[in-house]
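Model the full assembly from the supplied sequences, consistent with the hints where possible.
Chains as they are written, first to last, in the numbering used here: chain F, 6 to 378; chain Z, 6 to 378; chain U, 60 to 345; chain H, 14 to 301; chain V, 2 to 335.
By construction, these hints were calculated from the structure, which means they are not laboratory data.
Just so you know, not all the hints are guaranteed correct.
[As the list claims (entries may be wrong)] In the BS3-like style, the derived pairs of lysine-lysine whose C-alpha atoms are separated by at most 30 Å in a straight line are: (1) K73(V) <-> K53(H); (2) K94(V) <-> K293(V); (3) K119(V) <-> K310(U); (4) K328(V) <-> K169(V); (5) K309(V) <-> K293(V); (6) K167(U) <-> K288(H); (7) K73(V) <-> K310(U).
[As the list claims (entries may be wrong)] Okay, the calculated beta carbon distance ranges per label pair: (8) E209(U) <-> H142(Z): 53 to 63 Å; (9) N193(H) <-> T260(Z): 44 to 54 Å; (10) G24(F) <-> R20(H): 14 to 24 Å; (11) F207(H) <-> R161(U): 42 to 52 Å; (12) I172(U) <-> W76(H): 24 to 34 Å; (13) K167(U) <-> H93(Z): 28 to 38 Å; (14) G24(Z) <-> G339(F): 51 to 61 Å; (15) G101(V) <-> A166(H): 54 to 64 Å; (16) D258(F) <-> E180(Z): 35 to 45 Å; (17) G339(F) <-> R161(U): 49 to 59 Å.
[Unchecked claim] Here are some chain F residues pointing at chain U (derived, C-beta under 10 Å): (18) V87; (19) K88; (20) F91; (21) L96; (22) P98; (23) L110.
Cβ coordinates follow ideal geometry from the N, Cα and C atoms, glycine included.
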Amino acid sequence: MKHTPTYDLECQDLAKNFGSFRAVKGVSFDIPSGSFFSILGPSGCGKTTLMRMIAGFEDPSGGDIRIKGKSVLGTPPNKRNVKMVFQHLALFPMMNVYENIAYGLRCNGVSSAEIKRKVHDVLERIALPDVAEREIHQLSGGQKQRIAIARCMVLDPDVLLLDEPLGALDLKLREAMKIELKLLQHQFNTTFIYITHDQSEALVMSDNVAIMNQGEFEQIGTPQELYHHPKTAFVAGFVGDSNRWSGTVTSSDGTGGQVETDQGLPMTFSAAGGTKINEGSKVDIFVRPEFIHAIRANGANKSSADGDNRLSGVVDSLLFNGANSRVLVRAQGGELVEADVTLTGNNDIKPGEDVELVWSSRQAMCFAQNGGA
Amino acid sequence: MKHTPTYDLECQDLAKNFGSFRAVKGVSFDIPSGSFFSILGPSGCGKTTLMRMIAGFEDPSGGDIRIKGKSVLGTPPNKRNVKMVFQHLALFPMMNVYENIAYGLRCNGVSSAEIKRKVHDVLERIALPDVAEREIHQLSGGQKQRIAIARCMVLDPDVLLLDEPLGALDLKLREAMKIELKLLQHQFNTTFIYITHDQSEALVMSDNVAIMNQGEFEQIGTPQELYHHPKTAFVAGFVGDSNRWSGTVTSSDGTGGQVETDQGLPMTFSAAGGTKINEGSKVDIFVRPEFIHAIRANGANKSSADGDNRLSGVVDSLLFNGANSRVLVRAQGGELVEADVTLTGNNDIKPGEDVELVWSSRQAMCFAQNGGA
Amino acid sequence: MLAQNKTTPFLLGYRLYVVTFFIFLAAPLISAGAFAFNDSLFPALPWQGFTLDWFFGDTEPKLGMFHDRRLLQGLYYSFVIAIFVAALSVFVGTTNAFLFVRGDFPAKNFFYIMMVVPLVIPGVILGISILVLASDTANMMERRFAIELEFLRPGILLVVLGQFSFIATITSLVITARLKKFDETMEEAAYNLGASRARVLRTITLPFLRPAMIAAGIVAFLVSFENFNTTLFLVGSEAPLTITMYDRMAKVGSTPVLNAVSFFLMVGSGLLALMSVLIQRDKTAR
Amino acid sequence: MQKDIKRLSLILLFAPFTLWILLLVVLPHIGMVILSLREKVAPRVYEFGFGNYLEFLHEPIYWNTLIRTGSMSLLVTALALIIGFPIAYYIAKIAGPRARGGLFLLCLIPLWVSDLIRSFGWILLLRETGVISSFLVWTGLIGTPVEFLYNDAAVIVGLVYTVILFMIVPLVSTLDGMDNSMIEAGYNLGGNGFTVLRRIIIPYAMPGIVAGCIVTFMLTAGSYLTPILLGGKNSSWFTEQIYNQFITRFNWEGGAAFGMLLLLFTSLVIWLGLKLSGQTLANTVAKS
Amino acid sequence: ETLRLLTWGSYAPDVLVQKFEEEYPDIDVEVTFSNNEEMIAKLRATGGAGFDLAQPSHDRIYAAQLEYDIYKPLDLSKINTDVLEAKLLAGVKENTTIDGEVYAVPHQWGTSGLMAEKTMAPDFSSWADLCDPQYAGKTSMRLKRTILLGTAFSMGENPFEAYSDLEKYQDILDKVADKLIECKANIKAYWKGGDDLSAMMLSGEIVASETWDSTAYKLFDQNENIVFIPPKEGALAWIDTFALPRKAKADDAAYKWINFVLRPENVTLMSGSTGAIAAVQGGKDLLPEDKKAAVNAAFTDADIDNLKFFANIPPGVEDMEGKTLEKIKAATGG
Ligand SMILES: Nc1ncnc2c1ncn2[C@@H]1O[C@H](COP(=O)(O)OP(=O)(O)OP(=O)(O)O)[C@@H](O)[C@H]1O
Ligand SMILES: Nc1ncnc2c1ncn2[C@@H]1O[C@H](COP(=O)(O)OP(=O)(O)OP(=O)(O)O)[C@@H](O)[C@H]1O
Ligand SMILES: NCCCCNCCCN
Ligand SMILES: [Mg+2]
Ligand SMILES: [Mg+2]
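Dropping the structure here:
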């Protein structure tokens, strides 16, 4: 493999074992300069371990890490130009904001005057020019967040690692910080590697997202790719909400076909992940709630909805959540199907009503079950 | 006022002062039997104080509380048949699950055999039949949650109070518990009063929601009413996401009219909250992102979108979040307007494109500014 | 109920009990302190009028504490001993904290209990056992090798070691508790920002521990200053203040000068205690 | 390399700990055991044997004193708990946040001065012509002065006073860690004040209670000055006998045996206490 | 250099120490207060180190030296023995000579006996009166060997003679113990130091007690009605001495101190502080006036003739006595 300097970070077959437990199992990826890269995966899948290897806090059991094209194996963490924002930020409570930001510069032996200039500069850039003399506990959650980033950015890192930095914030603030983080990355134009188990964070902010599961990357792609063209059942289930059925293929033509679900519902699908699915194989089918239209069974425009899959049922309950409202429909088989609805406040669907659920086979993503994935 | 037994809880002019600080300022409401009632408001607005008065931990400074029609002023907390699920659950760590649930029964002097029956019964109902002998620290977050509810429900309370019980849970679990709580309430068919500052929790679960602000109720209604027909600017801003403009009414006919925003944009609106708005008055206008359609400026069906308000701008960024994706559009005035978009993965709007934002004046909710609300 | 409704007779009674309790706590100190100002040769009623002689008097029989060489010398020795004990205990307390919070070694729990044990050994026994070991060793060395190891004989060093033997437990517990609260990612963060290990220790970890170290030092100082049981057996000719005062009381007869010393100590310790509280209420404590 | 640094620093950290525990605690106690097993047969002549322990067993004075010391220490411990618990509860749960620090500081008052001065203060208060007696005569409550000093009650008051701080501190710290909502939940579920105290607060505070009791008991059983100075003509204390063996009877061997016996006895009591309360030393004393 | 004194409370008054230091500017005096038992225990623990001059009583040297080897012989040529009262010097030498070496010379002497408030206890005269029900709750004693010996005398025994036959001595001790246990109900409290005794006596809490004479003299100063009473069985007399610890490091300074405090002008100061009579010729005349008055009020010549000097304690007796004392203390007598 040739190293072109356009990659800030390259990992190759990176692995980490804790005793006999394989936390990270040979992961490879390259991150282009200046991009926002997220690693999304369930708790315990090895995200933090991976990041700690990049930062130098864990020695890899195998594989290589290259920063700006140069392997950093053997370089101690304080010599790597990779900075990290910790989950609980790890701001130093015994120092004020200025001292926190100046810390890394002092370690590098930068002159006082230079430190002063740089600190004020970075505070300007995070739009907090006046907090230099504040103590850490005098900052709000969002301000702390930004100081933690500034503390790293003032050192001009090649890569900034962020380990679920929003995890500790409350709901409203988290929403706001999502957008803010993205803007900051634009500002500094540095490569960000962002770890999270919250899909909405990963989708909203990232240029590219890696989906991690049990120590391995399942798929790397843009948020849209992952959402609309998941390569594996795991990705389809983990990214975005989905209705999920298991079933058996009754007919298939390579790009799609017919399935009978375990509950006995017939369904048409399109093969996802680009692989042909053979007749008779066990499959999982995923359909996102927003692609299922719920129509009154006796409604006027019943047939107008476009879609080759239909299912009738009774509205069990209505989860009103403004623009993100949803109905739970109990299908004949007895199971609940979720469908997004727009509730405008007049003449909306109500619990107890008979409805018809309609969706297109193009939106029914189907994956062969291999073993028990 | 006559007391019909259909109300499990009635509060009348309930007030609480801490010294000179008025935490709750004369709040009145009635809760019908068996309903799920939420109190939603920002932090510090007095929700917990209100609940503690109902439970009997604080003496009201004024007003009355009636449970099943009978005033409970003067009844000590351990004699009120109102049970409470605390924010951090307050399960007793020195007792196991069985003892936790049995505690209240023992206090009531129920016989051992009866206690045993009831505890196992309630554990069945919360679908955790096998955890009786577990210690509290051996339970997962969601299990703890359910035990805390079971501990109250086993006592057959008239009303169950829940003070942000999901606050301590992580994101995924919180989503799951939302639906679960609602189902449990159906199961037990008991009146639930649920406190939260998370609007999505309140909207999804409740039959009725009271919006609380600075010790007062701004509005009580069903989630849909609050979302679509907010009575005050506070409610419009607090419930659901909104774009918000301030402006001055240039013409008005009682049900709607014309506004010029402070940035100079002309806009038509319909008067919300059912009050006529006079010409020349300062107003706030709210438009929810999902009612704003973003259309390519040079697109084919440019004029097809229906709506009497139009604004052109440039897509600043695109917040992909699956079904809940959103664009930030920089309007001519320079400010950002949020609009929901459905991104299907092919031919979607991209940052930098010129777009036209279109929305109907019926969706532009307008409130007169009184003082500085 | 125990906590809430603010005006019940129960709560009133409770408050009264608390007040009574604090009167109980203060009573012997007040009486010991008050007689320092009694213009009498005996620390006893009746009240003979107010005087400061027991502090500043420079002639017998009313020799004030500031002119009483023996007491001043006792004060000096107490001070020296307490300083050494505090320094040593804080040092060992700190290394113990790192050992037990960061270290990973077999039988850790057992060693931890060993660390706590000195706190529950009666002080008299600690004193005696150290005395016995030290003098047996010294005697043995003298008999076998004709070497006189004077430092093993009762004296300042043994007093310091005796007090240190259990005060180190106190400081270890205090500092360990603080170190447990330390978020280790703070060290990683510093390391990540380019600091060397030594620098991390110096600029992050130790500053974080400092309030606990100071507070532990003050507690160690106070406990050493007032220790009697252990010191009694280990003291040589350089007697610290408590021993001096005891000898004075039991072997000479007390005059209000002892009350004056008590008063002086109360003020001193009070100020120190206040200081330790102020230090612990630092910004990183939350 | 990383490993070596780790090992080295572990050894460096272990050194002070080992020196301390080995040289100042373990070896001295082994020395005591050895000494206690030497029987004196003539001046400067000793033999190995259990004579010093047998002497203890054969002489009711000694074990009576030990039992008396133990039972009075238990009484003092119980009193300290009963008196101290409400105070700790008040500090941790009822006092406002600002009063809390102040009250806590006030609790430390007895620590400001030595045992000696504390006892000295009590003597001035309690003696027949002391402050309390004089005050009571002055108020007319009693006709003639009453002696409050020189009896077991005075010893108990003095000891409770001396040790109560060590009961209150761990109690406050455990109660402090208890979420108020736990108590409220107790009431909310129908418990009255007593139930909540018995079923919730006390079980929760158990580690603190046990820690406080252990330290209090050990301090009491090991105290020397207070029982000597405040005690009356019948008030023997075991530490006093140890002192006597060493100092007045020059019988170091016997004194060492007595010391070991006191240590064994108190350890036994504590072991029993821990067993009965289901706690361990590590999660009680070490936590406070 | 430093002179480390191990001595009795009040045996090194500040005035004298200052005076000494002025005379010998290169010597600092450091004083540790102690008593006979503690002196032995301390020196035993230090192997005779840590102090430069000790002042045990004449009867407590021989056995301690035999058993623990804590003193070194004196160089009598460096002591101004001429000024010493010959009889006392001879007595002490006799008591403290081991292998031909002398280990102590006398410093001061005094007695242990009784004291009473004359108006409240006019007839007080015997050790046994302490247990007289007439004074129930109004007497005190120190639970130390003095009271054992006094009580033995009052029971018609001669304990000093029994020292040669320890079994016999044990019998006496057992009888004494019974008597004192019985007596327990009668006394108010055992005093522990001069301090609590003074307080009880002055405040009238007790009317009579076993005492050191010096304490009684001090109280006489405060209240003329409180007098020292030599018991009719004979007051017990002690001589506190000078002895050099085996590893003393400032022998010269020690000798200087000895000679210094034996000088007449210093004797008066010393006696003023201690209330004891110096073992110098004419020691009684050198007492300050008030003490002289107190002594004269207490002693007749007959009393002086009747003094019983403490006899040398043979090894093992301390242990027997200690156990007896413990027995008395532990007994519940009321
Ligand atoms: N030092 C260690 N020793 C042993 N196992 C470890 C160690 N560190 C992590 N693990 C294990 O490795 C796995 C991955 O841990 P890691 O912290 O990387 O997960 P994560 O993806 O960051 O999870 P989360 O989202 O919960 O932070 C977990 O099963 C964890 O228990
Ligand atoms: N005991 C009290 N004494 C004084 N002020 C109090 C007391 N309890 C609450 N307050 C004040 O009353 C106001 C309302 O508090 P409350 O706890 O009811 O808010 P809340 O709506 O529950 O907030 P949150 O969502 O943060 O829990 C707050 O400003 C709070 O500071
Ligand atoms: N048994 C001998 C007593 C010796 C007493 N010396 C007394 C000095 C008192 N101040
Ligand atoms: Mg992680
Ligand atoms: Mg609240």
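Structure-based check of all given hints:
1. Restraint check for K73(V) and K53(H): the C-alpha separation of about 25 Å stays at or below 30 Å, so the hint holds.
2. For a cut-off of 30 Å, the pair hint linking K94(V) to K293(V) stands: about 28 Å separates their Cα positions.
3. Among the hinted pairs, K119(V) with K310(U) is consistent with the structure: their alpha-carbon atoms are about 26 Å apart, no more than 30 Å.
4. Simply put, K328(V) and K169(V) have alpha-carbon atoms about 18 Å apart, close enough for the 30 Å limit, and the pair holds.
5. Restraint check for K309(V) and K293(V): satisfied, since their Cα atoms lie roughly 21 Å apart, inside the 30 Å limit.
6. Annotation: proposed proximity of K167(U) to K288(H) holds, straight-line Cα distance about 22 Å (limit 30 Å).
7. For the proposed pair K73(V) and K310(U), the alpha carbon gap of about 26 Å is at most 30 Å, so the pair holds.
8. For E209(U) paired with H142(Z), a C-beta distance near 57 Å keeps the hint of 53 to 63 Å intact.
9. Separated by about 52 Å at the C-beta atoms, N193(H) and T260(Z) satisfy the suggested range of 44 to 54 Å.
10. Against the hinted window of 14 to 24 Å, the Cβ-Cβ separation of G24(F) and R20(H) comes to about 19 Å, which satisfies the hint.
11. Restraint check, F207(H) to R161(U): a C-beta distance of roughly 45 Å satisfies the suggested window 42 to 52 Å.
12. Against the hinted window of 24 to 34 Å, the Cβ-Cβ separation of I172(U) and W76(H) comes to about 29 Å, which satisfies the hint.
13. The given range of 28 to 38 Å is respected by K167(U) and H93(Z), whose C-beta atoms sit roughly 31 Å from each other.
14. A hinted range of 51 to 61 Å for the beta carbons of G24(Z) and G339(F) is consistent with their spacing of about 58 Å.
15. Our hint of 54 to 64 Å for G101(V) and A166(H) holds, since their Cβ atoms are close to 57 Å apart.
16. A beta carbon spacing of about 37 Å between D258(F) and E180(Z) agrees with the range 35 to 45 Å that was offered as a hint.
17. In this structure the supplied range 49 to 59 Å holds for G339(F) paired with R161(U), their Cβ-Cβ distance being about 56 Å.
18. Below 10 Å, beta-carbon pairs count as interface contacts, and V87(F) has one with chain U at about 8 Å; its hint therefore holds.
19. Interface restraint check for K88(F): the shortest CB-CB distance to chain U comes to about 6 Å, inside 10 Å, so the restraint holds.
20. Interface restraint check for F91(F): the shortest CB-CB distance to chain U comes to about 5 Å, inside 10 Å, so the restraint holds.
21. For the restraint placing L96(F) at the interface with chain U, the shortest Cβ-Cβ distance is roughly 8 Å, inside the 10 Å limit, so the hint holds.
22. Proximity of P98(F) to chain U holds as hinted, the smallest CB-CB distance being about 4 Å (cut-off 10 Å).
23. Hint on L110(F) holds. Least Cβ distance to chain U is approximately 9 Å, under the 10 Å limit.
The structure shown violates none of the earlier numbered hints.
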